[in-house]
Amino acid sequence: MNTDTDNTEAVTTRTITYRQALNETLRAELEHDEKVFLIGEEIGVFEGSYKITAGLLEDFGPDRVLDAPIAEEGFVGAALGAAMLGMRPVVEIMTINFSLIAIDQIVNHAAKMRSMFAGQVSIPLVIRMPGGGGQQLAATHSQNLEVWYAHIPGLKVVAPSTPADAKALLTAAIRDDDPVIFLENLSLYSAKGEVPDGEQIAEIGKAAVVKTGIDLTIVSYSRGTTTALEVANQLEAEGLSIEVVDLRSLRPLDRDTICASVKKTGHAVVFEDDWLSYGIGAEISATIGEGVFDFLDAPVRRVAAAEVPLPYAKSLERAALPSAADLARVVREVLNLAPATATSNDK
Amino acid sequence: MAELARDTLREMQLRMLRIRAFDERASKMVKRGHIPGTVHTSIGQEAQVVGATMALGAGDYMSGNHRSHGHPIGKGSPLGPLMAELVGKATGVCKGKGGSLHLADFAVGSLGESGIVGSSIPIANGAALSSKVLNNGKVALAFFGDGAANQGVLYESMNMAGVWDLPMIFLCENNQYALSTPAHTVTSGIISERAAGFGMPGIRVEEGQDVLAVYDAVSKAVARARAGDGPTLVEVMTYRYNEHSEGLRLGTDYRNAEERDAWLKKDPIMLFRHYLASHGFSDDELDGLQATALAEVDAAVAFSDASPYPDLSVAFDDLYTDKESAA
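Protein chains in written order, with numbering that gives the first Met the number 0: chain A, 0 to 346; chain B, 0 to 326.
So here's chain A without its partners, still in its complex pose (with noise of 0.2 Å):
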């Protein structure tokens, strides 16, 4: 069944976080196909760094939740090798900035070895890490590289926002024959939401309108998605309509939806919490010029990370990130409308 099609049939749903619907996902596909295995650092023993991987090597033993050395370009390679075999593997890497390490073997390899090889071989490889800033956790420890990724043709890259789309997004990532990045959140892991019961698998490559609008889409992924919902429904209140876009997924681009909802709102702006230039944010305005600039009645403005390694002390971490108030500002811009009172948030 195909979450994005077909919800006629009564779907029973429970209210959890996105990190028990990551856990849970984890467990069915373990249980769904044999090849599936779970390699990364801390997640049999330790149960993850962000406990995402709970119980599941004490219920499906080390061969298939694999506790790997801090050796992060030797494990995701080891994974890339398995794939290229016919195994399954879903990679945690314990936070983004460490996939670095690994970015040859994703890079050079995984993404390319498909065509480089004329389809000789498939790379059903899945990487697991989480992005994002917000936990004092300082500059090497809090960046958001996921469009590193999403420039690389040969890889998919989704972010979901919401515990149903995790579970969603990761089925169809494990389920899928191409390497695909699964980008997760810090701030995320704790989020509740509404998620149907049974398998639940999304067509990667659709975004979604997560909220419906008329003056203006704003445009998001991941943490930012959240953001950018409890902005526009402040803006609600104050009598504004604002419309939603979830990309869900940064390559492939759901360029299509992104296009419709701006023909409709005449204006945009992209919240993105990775640095500005050559961002997530630069594509989606690229996109949005290419496909509908005859309906656009402002510029495409971008809120995203103040450009420097994000600082550890909370002023200065809280003062780098784009946060509710700049979106709020911003949108308040695009729409040629007065500032609004300034708060203790605003900056």
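Worth flagging that the hints you see were computed from the coordinates, not collected in a lab. Virtual Cβ for every residue (Gly too), placed ideally from N, Cα, C. Do not take every clue at face value.
Stated by the list, open to error - Simulated DEER-style distance windows between Cβ atoms:
1) A:HIS150 with B:SER312: 22 to 30 Å
2) B:LYS322 with A:THR14: 33 to 41 Å
3) A:GLU237 with B:GLY151: 51 to 59 Å
Using the hints provided, position chain B relative to the given structure of chain A.
Quick look at chain B alone, frame taken from chain A:
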């Protein structure tokens, strides 16, 4: 070492001759512009390549590096699609999308080469991991040079292979120069002795121009891996005759004539011909092997010449398993 069947001995010499003839032709084709860019030849290293690849079973896996025409040939790949790949033809083993640096022939267990030095080692390790998990009895071998022996990922991979008892062979082709850098100037200690740090056997084949010596050492490592006793590091001492890559002009003689002459006197094909001649092979038969190899290379070039270049319509083929994702 157990007596090898006559057919096996014959096949060893034939495969070495194929590699020599293939790469000598490729070298000429680069110089004439018939092959674009450059290639890295295995000329001089044939014993090391064939001794290792023939010690593997047909279903076993291997990964290669930038100097890797010999590896699929040694494992039994037909020459036509390999040559067509070097020229960039649609009939190439990778349909013209890989080139000399990225040959792969999964039909013979060649999981592909990479021009990123050292990077294919963990991939072979993953193949060995799959063999262990699937319990299918297959082993994996990673070819890498003395240059790659200084990449960290080798030691990450040796550590994992050791701790997980993977059916894995780390095969260091020590031709003593990383491009122009002499191995001894950048390499601390003896490469094979590094195995001790990972609790696995490390073997150095000093007579790496002797195909039987290499075959013997690698066969023992394969048997150990297949028995479930874990990985082995095998370092084979060898020498490449040509420049690092064809057409490269460094303007410095980093390898002196004396050294080169000493190695030429131990030419692997000549050495093994002497061995075969003293073990019941006639001169006619041995000349015939040489003629066969040359004829196969001629046929491979003819196959490539007669093949079309890729049509532009295939540009996005095989990027993803589903075509829509490439949009």
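Violated hints, by number in ascending order, as checked against the structure: Hint check: nothing fails, all pass.
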